[in-house]
Structures are given as C-alpha cells and as structure tokens.
Amino acid sequence: MTEKVAIVPATHTTPPAKFSHGVRKGNILQVAGQVGFLPAEEGKPPTTAGPTLRAQTLQTFANVKAILEEGGATWDDVMMMRVYLTDVDHFAEMNEIYNAYFEEQGLKAPASARTTVYVGLPKGLLIEIDALAVLDA
Amino acid sequence: MTEKVAIVPATHTTPPAKFSHGVRKGNILQVAGQVGFLPAEEGKPPTTAGPTLRAQTLQTFANVKAILEEGGATWDDVMMMRVYLTDVDHFAEMNEIYNAYFEEQGLKAPASARTTVYVGLPKGLLIEIDALAVLDA
Amino acid sequence: MTEKVAIVPATHTTPPAKFSHGVRKGNILQVAGQVGFLPAEEGKPPTTAGPTLRAQTLQTFANVKAILEEGGATWDDVMMMRVYLTDVDHFAEMNEIYNAYFEEQGLKAPASARTTVYVGLPKGLLIEIDALAVLDA
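Protein chains in written order, with our numbering: chain D, 1324 to 1460; chain E, 1324 to 1460; chain S, 1324 to 1460.
Pulled out of the complex, with its shape left as it was, chain D reads as follows (with noise of 0.2 Å):
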C-alpha cells in the first residue's frame, strides 16, 4: 500500500473544510487533529460528547482510535501525539485521564513521545489531539 488514502471513518463528523480525519501512504498514518465530538448524527451539528474535560478527552481518544483503526494501525503504532489544551489549569487532569486510558488499552510497545501546549480552540472546546503512526513495514 504505497498509494495515499483517505480515512474517514463512517461515523465521524464532517470536516468543516477539505480536509481528511486521517491519510495513509506506505506505513506512515497521519490523524489530523480530533475533538471531542460524539458520532455524527444526520441533520444534527457535531455535538461534544460533554462540556467537561474528562468527557472531552476520552471522546477524543474514541476519535483518534477509530482513525487508526479504519487506517489498519493501533495505538501501539502511534509515535507521537500532539495535545492541545485551551487551559494550563487542565494540565494535572489531562494527564490523570491519559494515564488511566492508556492503561485500559494494555499497550504492547513502548507509550509514543507527547508535546502538549496550550492555545486557543474554538469556543466550547477543551482538547484536540493529533497523532503521527508508523506502521510495521
């Protein structure tokens, strides 16, 4: 699979500009930047899972998680993820929620490096995180 391809996983929100929610080519997988959006529903605007930053958060995770998947890739996969908060007050939370998850998914290789800034993200919003993959060969 040299060829770029699009993923797009079914129930995710449409991008609000042309661009794709992941793209492969070869073994490199590319998420683009994922929000706590709930599954679309028809009709209905993307909907965060909650205003809070725990449900944000592992509403996100779910997000990211199906675009390595639909993309063929794990977790395991992941060789960094990016993270964006809107708060550093959030920082000691984000960090309690990401440990927690990442241990429930029982990891194999070692956890992928993370930078984590805080900028501004539109409004309602409290975390958005991307992720770079590598494939096995």
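None of these hints come from the bench; they were simulated from the model.
A portion of the hints provided could be inaccurate.
Heads up, the list lumps identical chains together, so a pair's fine if it works in one copy or across two of them.
In silico lysine-lysine, BS3-like type, Cα no more than 30 Å apart, as pairs [said to hold, decoys possible]: (1) Lys1341 to Lys1431; (2) Lys1431 to Lys1446; (3) Lys1367 to Lys1388; (4) Lys1341 to Lys1446; (5) Lys1341 to Lys1367; (6) Lys1388 to Lys1431; (7) Lys1341 to Lys1388; (8) Lys1367 to Lys1446.
Since chain D is already given, all that's left is putting chains E and S on it; use the hints.
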C-alpha cells in the same frame, strides 16, 4: 535520494535563523512554517502580501507549494498541514479560502489531514502553515 | 530495527504522564516536547536550568540532543524542530541562541526545517522544543 537536502526556493525570503524552508530525506519532505511573505526583494525586509487573511493565506499557500515543487513533490503528497491562526474568528473565512484554493489545484489524491490551532504570531502575521509530505517511495 | 523502541536517557526527568521522551521505529525518530529541565536528581522535583531564555534554551537543546544520541541519531538527522515560545518578544534572542548553538555543533547536513509559534506553557517555562528525525535508511 537518501541524503538530506535543503529546499530553498530562489524567491523565498531568507529565514530569520539557521533553518531551512524545506528539507527532504528519502521520501520524507518537511516544509517549515510559511507565512504570507511576498517573494524577496534585495535590500528590502520581508513584506506580507497584505494585511488581510485572504492575501496572507493565498501567499502562504504559494510559499508552501514552491517548496513542495522545488523538492519534487506536489500537494498530492502532503499528509499533514498545520494551520496556525491568531484569531478564532478567522476560522470560517480561512476554511472558505482553503476549500476554494484546493478546489482550483485539482488534487488527484485525497486531501491531507490538518490541525488548526490559535496561537500568537509575530506582529502583522495572521496565518502560518507548515506541511509534512511523503513522496512515492 | 523496525520495532518501536522508547528512548529514555538516564538523566532525564520522569515524564509527567505515560509518554516517552523519544521513540524510534525503523528510521523515524520522534522527540517529545523538551523543556529546560536539568538532569533529574532523586527526590527532587524537575528544576529548570534557570529563569532566563538563554539558560532554558540551551538546556532544552541538550535534552533534545541526548534523546537523539540515545536513539542513534544526531542533529544532522533532524528534519523538523517545533519551537514553542511564550512571548513574541523572545523571538530575536532565541534566534541568536539558536544560531550560535548550531554553529558550534558543526552540522554536516543542511539545517532542519522549523516552525516557531507562541503558546502558553506551564508556569516558569519559556520554551519547549520537539523534533522529528529521519535516520539513514
């Protein structure tokens, strides 16, 4: 081509530090953060294409594209674009410009992934974009 | 070496969550966001090299470099560096430090690409840097 090579379009302004506008090694091509600077003119400081989001976005696309082409790639090879805006209120307009631009480019491969976040940029700049491309092996 | 391996320099502080300071898979090496923390001392919390941009930047470079080397890479293999500053007014000084540092390193390959943006970071931190390297295949 496995050696790391710098990609330096002749018309680009000199980077403000010792980094390359683009680098390629094997089939990986990385484009550094590009902004809306017009082609360099000798003896003149870097100048943006204009104060509007539209002018700067289109010039930024042109600058990214010049690096891709100089490195033997096209928009079709781009896996990820990172869009940095300074103002959440620019999101809708940027998406319009983005969609129209890529419509015009006549992509053959699926659209790249993308992450957009809101950060600070040097005075006068409204948008910055970098890109990761994977060429055909 | 196709297996994903964690790169954990012995002197690095423990990450604040379950992520790796660096990971390598095949010829791709990703360095997580590094900051200006001094080598870890048992029983002491992570401590920056100092309150100045210079001290933190040089320590951050040292921390990135340690990961590159532990993973079998050098600065010459770096394709992209992402520099996160908290203050636009630090740009000129960071560039000076950046240029002097890489001058001293005696790079043989072209300089990497770079993106610099201005974000929030945890209290006391002025700079964070992550890096993507591609090793010789």
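A quick look at each hint next to the structure:
{"no.": "1", "hint": "Lys1341 to Lys1431", "result": "between (35 Å within a copy, 13 Å between copies)"}
{"no.": "2", "hint": "Lys1431 to Lys1446", "result": "neither (36 Å within a copy, 34 Å between copies)"}
{"no.": "3", "hint": "Lys1367 to Lys1388", "result": "within (23 Å within a copy, 36 Å between copies)"}
{"no.": "4", "hint": "Lys1341 to Lys1446", "result": "both (21 Å within a copy, 29 Å between copies)"}
{"no.": "5", "hint": "Lys1341 to Lys1367", "result": "within (19 Å within a copy, 36 Å between copies)"}
{"no.": "6", "hint": "Lys1388 to Lys1431", "result": "both (15 Å within a copy, 27 Å between copies)"}
{"no.": "7", "hint": "Lys1341 to Lys1388", "result": "both (21 Å within a copy, 17 Å between copies)"}
{"no.": "8", "hint": "Lys1367 to Lys1446", "result": "within (18 Å within a copy, 39 Å between copies)"}
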